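Please build the complete structure, drawing on both the sequences and the hints.
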Amino acid sequence: MAKKRKAWIHVGVPGAGDVLESALAHHHGALVELGVEPIAHTTSESFCVAVEILRTHKDWGMKRSDVEGRWTRLVHRAGGARCDLVLSQPMLAGATRDQADLLADALHGYQVHVVLTTGGYDEALAAAVDAWGFAVRKPERLHVLEVEGASPKAVWRSFGALVGFGTSSLPIDGVPAIGGSCDSLAEAHREIERLARRNASLEVRLEEVDRKRRKLKRRLRKTDQAA
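Be aware that the sequence shown starts at 10, since it is given in our numbering, and climbs by one per residue.
Keep in mind that the hints were calculated from the coordinates and are not lab data.
Fair warning: this is a prediction, and the values are worked out from it, not measured in the lab.
Calculated pairs, DSBU-like style, for lysine-lysine (alpha carbon to alpha carbon, straight line, at most 35 Å):
#1 LYS231 x LYS221
#2 LYS72 x LYS226
#3 LYS67 x LYS221
#4 LYS12 x LYS162
#5 LYS67 x LYS15
#6 LYS13 x LYS162
#7 LYS147 x LYS162
#8 LYS67 x LYS226
#9 LYS224 x LYS72
#10 LYS72 x LYS15
#11 LYS15 x LYS162
#12 LYS72 x LYS221
#13 LYS231 x LYS72
#14 LYS67 x LYS224
#15 LYS67 x LYS147
#16 LYS12 x LYS147
#17 LYS15 x LYS147
#18 LYS13 x LYS147
Structure follows, in structure tokens:
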């Protein structure tokens with residue numbers, strides 16, 4: 010019996026591990042060569058996954074149709090690489106049991122592992138452990154990385170070691186974390202994250218407008234040819 014490929018899903022809790030989302034997108038090509046396929050090629054794509062699964066499209070000024078089916082399509086695309094898959098999206102830490110189960114269900118055929126990065130045990134982590142532990146079913150497939158006080162480089166290195174790729178050739182200097190938190194500047198960081206996510210939602214809407222524009226252009230060209 011063929012060994013199942015693995016799918017590694019990093020879901021936060023938001024904080025020091027936020028850099029993973031950007032790092033995976035930044036090093037997409039290099040990671041594929043190492044045998045790991047990031048499901049999302051950009052942070053906008055991983056953002057859309059969270060919006061779809063959490064059903065928060067209205068909160069971001071989006072339509073349900075902007076994200077409907079995104080996750081399934083991304084998994085199908087990544088499956089063509091024939092290697093282990095990986096995704097990072099800290100917003101998914103807030104998923105309910107049903108939402109976490111929905112995300113994991115699209116990865117049928119893979120051995121699903123979920124990674125939580127945290128600076129300490131609190132109610133948010135407890136809720137995430139409950140939801141994602143339910144989704145993966147087996148406790149050995151739920152991994153909690155303690156990252157309190159760790160640098161982004163250290164978090165990236167630890168995550169790579171867990172998933173199975175080395176990070177020495179994958180520097181993250183200059184790779185920005187999407188979110189983040191800081192005791193003295195917590196509110197400022199939340200605003201930065203809000204703006205970053207809002208920008209991502211606008212990118213999604215622009216992609217949809219561009220797609221419709223191209224479709225209309227093709228239709229007009231056919232009409233001209235028929236005339």
